[in-house]
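S.K.: Position 373 (the sequence shown) corresponds to 373 in the UniProt record's numbering; numbering is contiguous.
There could be a bad hint or two in this list.
[Said to hold, decoys possible] Here are the simulated distance ranges between beta carbons:
no., residue 1, residue 2, range
1, Gln-234, Asp-409, 45 to 55 Å
2, Gly-189, Gly-434, 42 to 52 Å
3, Asp-8, Pro-164, 25 to 35 Å
4, His-16, Arg-425, 34 to 44 Å
5, Ser-286, Ala-121, 50 to 60 Å
6, Arg-425, Ala-121, 39 to 49 Å
These are computed hints drawn from the structure, not numbers from a lab. For each residue, glycine too, the CB sits at the ideal point set by N, CA and C.
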Amino acid sequence: MGWLDRVDDQVDALTHARALQEASRSAEAYVLLERVIRTTNDPAARADAMVQRLSALINLGRTAEFTRAIEEASAAVRDLAEPYLHGHLNALAALAAHHQGALDRCVMHLVRAARALGAVADPDRDTAWGWHDLAMAYSYLSFHGYALGAIERARQLGLTAGIPEETFAAPGIRLRNAVALDHNGDSDGCLRVLRDVAADLTRFVRAGRASQLRPSSLAAYGYAAARQAALGDQVATEGPEPARLITHGGDSARARDLRQLGQVCLAVADGRPIEAVARLDTVQVSNETLGAAEPARLRSIALTRAGDHLAAHRADRLAFRLAAQRNDRLRDVYIDGIAARIDHEEMRREAARFEGEALTDPLTGLPNRRRLERYITAVVTRGDRVVIGVCDLDGFKAVNTRHGHHSGDLVLQRIAGVINRVMRRGDFVARYGGDEFVVVLPDTGMTEAAEVARRIEAAVRLEDWESLVPGTPVGVSIGFAEVSGGSGLRDALSVAFEQADREMLRAKTRPRAS
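Build the full structure now, drawing on both the sequences and the hints.
M.R.: Following this line, the structure appears as structure tokens:
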């Protein structure tokens with residue numbers, strides 16, 4: 001018995017929405033799913049529709065709506081004992097987190113998705129699609145080995161459920177693997193993968209099954225061929241031309257990106273490198289489709305063909321740096337994940353002492369004001385030297401005004417992660433309220449506190465706010481004060497907070513590094 005066999009309401013509409021998304025008609029699917037959500041009283045139907053709606057939003061690139069859609073789908077799925085739904089939701093949430101630039105959350109959702117999908121007792125075609133979306137998330141995060149394993153699992157389950165092999169051919173996964181190799185200097189490896197992708201398309205054409213390929217797959221096959229040609233490799237002539245293939249993909253945001261970059265590749269392949277460079281000056285594509293390095297790498301290829309080798313070298317070095325930055329971020333996620341796990345265990349043991357009390361801020365996951373006050377009291381009572389810092393966001397009001405409170409919440413979550421990431425082991429971070437955070441530095445003097453402030457300011461300044469809240473820069477002002485010993489603990493804490501707050505306000509008036 002498959003998942004939809006256990007749904008009692010509007011099964012035909014949910015099945016049709018699936019078919020629309022498979023055909024890259026996500027906008028139509030979204031309208032249909034919204035209708036199901038408004039009209040159904042069946043918890044299973046509602047949960048399925050919300051998971052599908054999240055998939056449609058991701059396909060359409062409507063990033064600003066991801067957070068609310070994930071929250072609503074999570075609430076609908078939470079009480080349903082169906083591992084497929086939990087697995088598919090987490091796979092999609094991983095994709096959404098990746099597009100939002102939250103790699104730590106992305107990795108967390110990937111692990112949860114794999115565990116839940118692996119626990120499905122009676123896998124069916126829906127489970128196969130869950131593994132497909134998990135493979136896509138792995139691929140976008142550059143976990144190419146995991147992506148290939150997950151898509152093979154999807155293919156095997158799909159064949160058992162009667163889904164044709166070509167449905168889960170997933171050329172986009174291998175395409176991202178190929179361009180990642182090229183970005184890191186292995187153009188020969190890139191070409192080997194692109195030739196394998198082309199061979200698959202040729203096999204489907206010869207077997208008369210090319211018409212069964214999904215529109216998104218056709219777009220990926222087209223870009224793979226165009227990219228191969230841009231590198232100067234001979235492209236097989238059997239089957240549709242790359243220029244025609246890249247027009248497929250429906251209303252998918254990824255397909256639009258492939259179409260624009262594919263035209264750049266074809267201009268290079270056709271001996272029009274100056275036109276290719278001009279196109280690159282005007283295209284606007286997501287860094288998540290093929291990596292931030294792809295436009296720079298294409299610029300290098302085009303400039304080389306145009307004979308401007310110095311400019312080509314500069315573009316190539318930029319591509320390499322962008323690819324290296326991505327690899328560094330992945331390593332940071334791994335290391336931060338281990339640190340977070342250790343911190344989580346310590347926090348869990350500490351929280352047991354305050355069982356039954358709400359001590360955590362629900363938005364950021366940081367300790368809240370009540371827990372902060374207890375922590376400071378305990379540290380000062382022991383007689384330890386301690387410095388308190390008040391951190392206030394700059395530009396946060398503009399974020400809420402221009403982008404709405406959901407984006408504001410994302411900024412607060414990102415800031416909490418940034419501050420936590422640069423603190424020393426043993427330091428304490430809490431959300432005090434609104435856009436104000438407090439850090440507590442035990443056994444620390446003001447000189448060390450100034451260095452901590454510098455690290456926080458630098459980390460916030462270097463964060464990629466443009467991708468999260470375009471045109472709205474975010475900064476932080478920080479003030480520190482040392483808690484002085486004295487006759488009254490409460491008075492000493494109050495004086496320290498007031499002094500730190502004054503220092504923070506002074507920091508807001510000082511010129512900032514650009």
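S.K.: Output the indices of the hints that this structure fails to meet, ascending.
M.R.: The structure breaks hints 4, 5; every other hint is satisfied.
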